[in-house]
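Construct the complete structure from the given sequences, taking the supplied hints into account.
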Amino acid sequence: MSLELRDVSRTVDSSAHIHPTSITLIPGGFNILLGPTLAGKTSLMRLMAGLDKPTSGQIFFAGEDVTGIAVQKRKVAMVYQQFVNYPSMTVFQNIASPLRLNGESKVAVKKRVDQIAEILKLGPLLDRLPSELSGGQQQRTALARALAKDASLVLLDEPLANLDYKLREELREELPRLFEDSGATVVYATTEPGEALLLSGHTAALNEGRITQFGPTHTVFRDPNDLLTATIFSDPPLNLANARKEAGGFQLGFTSWPVGYYSDLPDGDYQVGFRPHHLQLQSNDNAALPITGEVLITEISGSESFVHLGLGKHRWVAQMHGIYQWDPGQKIDMFLNSAHLLVFDSTGNRIRSTHG
Amino acid sequence: MKTRSTIIVTVYIVFLMLPIYWLLNMSFKTTNEILGTFSLWPVEFTLENYIKIFTDPTWYNGYINSLAYVSLNTVLSVSVALPAAYAFSRYRFLGDKHLFFWLLTNRMAPPAVFALPFFQLYSAIDLFDTHIAVALSHCLFNIPLAVWILEGFMSGIPKELDETAYIDGHSFWRFFLKIFVPTISAGIGVTAFFCFMFSWVEMLLAKSLTAVAAKPIAATMTRTASTAGYELGLLAAAGALTIIPGAIVIYFVRNYIAKGFALGRV
Chain A
7 MSLELRDVSR TVDSSAHIHP TSITLIPGGF NILLGPTLAG KTSLMRLMAG LDKPTSGQIF
67 FAGEDVTGIA VQKRKVAMVY QQFVNYPSMT VFQNIASPLR LNGESKVAVK KRVDQIAEIL
127 KLGPLLDRLP SELSGGQQQR TALARALAKD ASLVLLDEPL ANLDYKLREE LREELPRLFE
187 DSGATVVYAT TEPGEALLLS GHTAALNEGR ITQFGPTHTV FRDPNDLLTA TIFSDPPLNL
247 ANARKEAGGF QLGFTSWPVG YYSDLPDGDY QVGFRPHHLQ LQSNDNAALP ITGEVLITEI
307 SGSESFVHLG LGKHRWVAQM HGIYQWDPGQ KIDMFLNSAH LLVFDSTGNR IRSTHG
Chain B
165 MKTRSTIIVT VYIVFLMLPI YWLLNMSFKT TNEILGTFSL WPVEFTLENY IKIFTDPTWY
225 NGYINSLAYV SLNTVLSVSV ALPAAYAFSR YRFLGDKHLF FWLLTNRMAP PAVFALPFFQ
285 LYSAIDLFDT HIAVALSHCL FNIPLAVWIL EGFMSGIPKE LDETAYIDGH SFWRFFLKIF
345 VPTISAGIGV TAFFCFMFSW VEMLLAKSLT AVAAKPIAAT MTRTASTAGY ELGLLAAAGA
405 LTIIPGAIVI YFVRNYIAKG FALGRV
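Protein chains in written order, with this note's numbering: chain A, 7 to 362; chain B, 165 to 430.
Calculated from the structure, these hints are not laboratory results.
Be aware that one or more of the hints could be misleading.
What the hints assert, rightly or not - Here are a few chain B residues that sit away from chain A, every Cβ distance over 12 Å (derived from the structure):
#1 166
#2 188
#3 209
#4 220
#5 227
#6 239
#7 251
#8 255
#9 280
#10 303
#11 319
#12 325
#13 331
#14 361
#15 403
What the hints assert, rightly or not - Derived DSBU-like pairs (lysine-lysine); straight-line CA-CA distance at most 30 Å:
#16 A:59 <-> B:323
#17 B:323 <-> A:172
#18 A:117 <-> A:79
#19 A:337 <-> A:251
#20 A:59 <-> B:261
#21 B:323 <-> A:79
Note that CB positions come from ideal geometry on N, CA and C, so glycine has one too.
Here's what the structure looks like:
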C-alpha cells in the first residue's frame, strides 16, 4: 500500500509552504525527508497525514483518493519532535488508546500492549504517567502508540531531535527494525544528512517547499541531480568554486585543474564542488588534483579533524580521519581524487561525465 | 537580620489577622458585651449567635440560597467557558483578538450598571427571585474571566496533543472530554475557584434580583437591626461563617492559585 501525492501544493496566507509536488512513496520502506529547517518537511508530512488540506492537488492512498478524508478515518500514525503523550493517562493507557478505539477486547489490548512495551523496553514503566518518565522514555511511549495502531503509514517528524546523543544513536538503530515487521510505509523527517545515510532507505531532498530529488538514499547522496540537492545532502557543507573551462583545463582563479573525466564539456563557466571528506593528504592516483591552502582553523571532533582552508577568496573544509593540528597561517598541500568532482552548469544542474 | 525579618513578618500577620480575629471575637460575645465594654476576648463566652443562625430558617436559608446560585453559576460559567476558551486558543477567526479583549472589558463596568436592566428583564419573564436569575446575571462577569483563565491554561498545551488524538482516531468530543479536560484539570479547578469567589462576594445584583425565596446571605446580613434591637453578635457570627466556604475551596487549588491570578499565563 502506497501513498502518492499528485501535484499537491499548500499556500497559507498567500505564502507558498509547499510548491506543487508529486511523489510516490516506496511502500513498506523508509522514506526520508531531508532538508534544512523551514524546507517544508513538516508541512509535507501534515499533508500526508491529512492534518492539513492541500490547496491544490490530490493524495492517493493504496490507489484511493483520500484528499478530503478526515484524519480520524485514515490508517496513519505520527510521532512528533516534541514528546507528545496524553498527560492524564498512564503509559499503558497511552499505548492502549488507539487499540481501544478500534474496539478490541480487553484481553487483546493487554496482550498487544505488553508485547509492544516489551519491544520498546517500557515493561516496568506501564503504570507511570508520562510526566514521570525521562525524555527518551516519553518518546518511546509515543513510538509505542504509533506502533500499536498498526497503521499502514507511519510519519516520524524528527523524532530523535530532542533526545540526547546517546539515546538518539540507540533509538536510531532500533527504528528501522521496529517498523520492518509491520510492513508500514515509514516517512522520516530529518535535518541531518548523516542520519539519512544511517537509516538508508529512500530519500527526498527538500528545499523551500520543493522536492529537489527523490531516490535511493545512497544514489541521492552520491549522484545528486543538482547543486541544491548536493548542498542539502552535505554536512559539513559542500566545497564550491566557480570554474571556467578552457582548452587547458578548469581555471579556478587560485589554481587550475586538468579537466579529467569532463574533457568533452564545451568551454564556458561552471561550478565545481566536492565533499569535505574527499580532500586527502596523500595522492594515491595520477588523476588526483593538487590543492594548496592556508590553514584558517582546525576543529577536532572525536577521531576526526575539520580543517578550514583559505584558497584565494574561497573557504573550503577538509574532513579527515585522525587528529591533525596545524597552526593558522600554515600552508598545506592536499589532494582531491578527480572522480569525486561534481560539476554543475551555471544554473546549478549537474553535468554528468562520460565516465558515469 | 533574621530577627528583624521575623518581627516584620509577625507584625504584618498580626495586622492582617486583626479584623478576622475581631470578627470571631465578636461572634462569641453577647450584643451587650460588644456595645458595653471593650474586651480583647469574650468575657461572657456564648454560642447563642451560632445556634440562632443554624436554627432560624431566615438565617440558614440565606446560606443555602447563596450556595445554590453560586454553585449553579460556577458550573454554568465553566462549562460555557471551556469550549469558548478552546476556540480562542486553537482557532484563528475574523476579529478573534478583538472579541477576546472585549470579553475582558465586560469586567470594567460596575455591576450596578446592569442591575436595572436585569431587574426589569427577569421580572418580565418571571425569573425574579429565583436562584437561576442570580446565577445567570453573575455569568456576566464570570464567563469572561473563566474564558481568559482557561485560555491561558489551554495555550500552554501544545496543539500536537490535539492532532495526536485525532490521528489515533479520537473524535473531537471524545478527545475534548477524555483527554483535554483531564489535562487542564488544574486550570479548571482554579477557574471554578475564581467564579465561586466572585459570585460569592457579589452582593448588589444578588440583592436586587431577589426578594424572599432566593435571598442571599449577604442581603440577610445587611439587616443590622431587628425587633430585638441591634444584633451585632449575630451579624459577626454570620460573617465568620461566610468566610468558611471560600477557605474550603481555596484549599483545593492552593498550588495553582498564583497561575490563576496571572490568568493562566505563567
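>> If I take the minimum Cβ distance from residue 166 of chain B to any residue of chain A, is it greater than 12 Å?
In response: 37 Å, holds
| message | Check whether the Cα positions of residue 117 of chain A and residue 79 of chain A lie no farther apart than 30 Å. | response | Satisfied, since the Cα-Cα distance of roughly 25 Å is no more than 30 Å.
Could you let me know if the closest chain A CB is still more than 12 Å away from the CB of residue 188 of chain B? At roughly 41 Å from the nearest Cβ of chain A, residue 188 of chain B sits farther out than 12 Å, so the non-interface label holds.
Least C-beta distance from residue 325 of chain B to chain A larger than 12 Å: 6 Å, violated
TODO: Measure nothing beyond the straight line between the CA atoms of residue 59 of chain A and residue 323 of chain B; if it is 30 Å or shorter, mark the hint as holding.
DONE: 17 Å, holds
Exercise for review: Against chain A, does residue 303 of chain B hold up as non-interface, every C-beta pair farther apart than 12 Å?
Suggested key: 28 Å, holds
Please confirm whether residue 227 of chain B is truly not at the interface, meaning its C-beta sits more than 12 Å away from all C-beta atoms of chain A.
Non-interface label stands for residue 227 of chain B: nearest chain A Cβ at 35 Å, farther than 12 Å.
- Task: Decide if the proposed pair is consistent with the structure: residue 323 of chain B and residue 172 of chain A, CA atoms, cutoff 30 Å inclusive.
- Result: 29 Å, holds
Point to revise | 12 Å cut-off, C-beta based - residue 209 of chain B kept clear of every residue in chain A | key: For residue 209 of chain B, whose nearest Cβ neighbour in chain A is about 50 Å away, the distance exceeds 12 Å, so it holds.
Minimum Cβ-Cβ distance from residue 319 of chain B to chain A exceeds 12 Å:
15 Å, holds
Given as non-interface: residue 403 of chain B, partner chain A, CB spacing beyond 12 Å: Nearest chain A Cβ is 40 Å from residue 403 of chain B, so the label holds.
Check: Does the claim that residue 255 of chain B lies outside the interface with chain A hold up, using a Cβ gap greater than 12 Å?
Finding: 14 Å, holds
Hints 12 and 13 from the earlier list are contradicted by this structure; the remaining hints agree with it.
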